[in-house]
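So the sequence shown is residues 1 to 390, counted in full-length UniProt numbering.
If you're looking for bench data, these hints aren't it; they were derived computationally from the structure. Keep in mind that a hint or two might mislead.
[As the list claims (entries may be wrong)] Label pairs and their calculated CB-CB ranges:
#1 182 x 50: 35 to 43 Å
#2 66 x 375: 21 to 29 Å
#3 75 x 234: 14 to 22 Å
#4 175 x 101: 31 to 39 Å
Glycine is no exception: its CB is placed at the ideal position from the N, C-alpha and C atoms.
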Amino acid sequence: MNRCGNPHNKLKTIHIAGTNGKGSTAAILQSILRTAGLKVGLYTSPHLVNFNERIRVNGIPISDDFIIEFMKMLNDDIDEIKSTFFETTTVLALYNFFIEKVDVAIIEAGLGGRLDSTNILEPNLTIITSIDIDHQNILGETINEIAFEKAGIIKKDTPVITSNQPKEVLDVLIGRAKILNSKIEIVNNPDKIIVDRFFTNFVVENKEFSIPLLGEHQAYNASLAIRASSLFMDGLSYQTINDGLKNTIWPGRFQLLDKKLPIFYDVAHNSAGINTIRSTLKSLNAINYIGLIIIKKDKEVDLIANALNGLFDELIISTLPNSQLMDKTELFNSLKSNNIKCKVIYPIEKAFCYISDKAEKGGISIIFGSHYAAKSIYKFFEINFDNVSI
């Protein structure tokens, strides 16, 4: 960071951590602030298809040329200090935002918060989204331990907003904020949430809003983003905020894959994420519900199985030739031992055809469980993802 001139000290930043919803909240917030006329940097992870997606300015991914020049400039330094992939990527993002002269950079923490490389920031605003059990091998076994790690991004005299969390989580966050003399605000829950196949409609402070991200949880994420935008930028009009919401694009979050058929893709990969799939599916009337699950090796299958119980009329297991993904037979046996009825369809293209056929017959199909499946999904469903602007 020193070699780049410490760009993090020269930027206005908004730092976001949480178990679920931090990427969606970041994307919604950047859309609102862009609609308000700001030049916005957005740093998120992981990527779906291309590395460049992680770093965007006004929705446009960082160029290959910029990455190449950055690596030429810092290659010796990276080798000398043995900088990790994520540490290097974080420096790249902040340096890019400085060179691009953004008005604000929205930075999503990678894992946890307290020890995350993004925690070098002294942000203008801190956002903590919903906290749940995930990455126990790194963040701790209990929700209190995980909340402690997330609360690590709270900085002295810096405003913090969060959603209405379980008491044990709020106790940790409020306690940390009090120690650091940072005002913490618990954002009110949205009201009158209605989800259809294309939009989530909801009410905040007696005002109606609409967002093209599906699910009740997205109304909660949007409520955080709405409050954050108002805290960061005075005088935002209702029209600006609502237009920003309607302009939000965030692939891989209950994303409709087919213009004619109800086939969706969601990167949900833990029990809390799968529970959001459950609540969203309930709002979409169908003859039956078909799930296609593809997950990473490191996931807690017992917790996932508990969330899957009774969710689908049919659950399909598949995988890809990727060392990060769980073997299809291993996943099948693990789910079966948890009394989850499922079957394996492989290769994955055959599974895609199967769930498409079910959707044609009146069902709703959803592919879920991993970012790593995105490239194959978009290729099969002929979605052009190259240099997508969000």
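Here's how the hints hold up against the structure:
no.: 1; hint: 182 x 50: 35 to 43 Å; in the structure: holds (36 Å)
no.: 2; hint: 66 x 375: 21 to 29 Å; in the structure: holds (23 Å)
no.: 3; hint: 75 x 234: 14 to 22 Å; in the structure: violated (43 Å)
no.: 4; hint: 175 x 101: 31 to 39 Å; in the structure: holds (38 Å)
Checked against the numbered hints above, the structure violates only hint 3.
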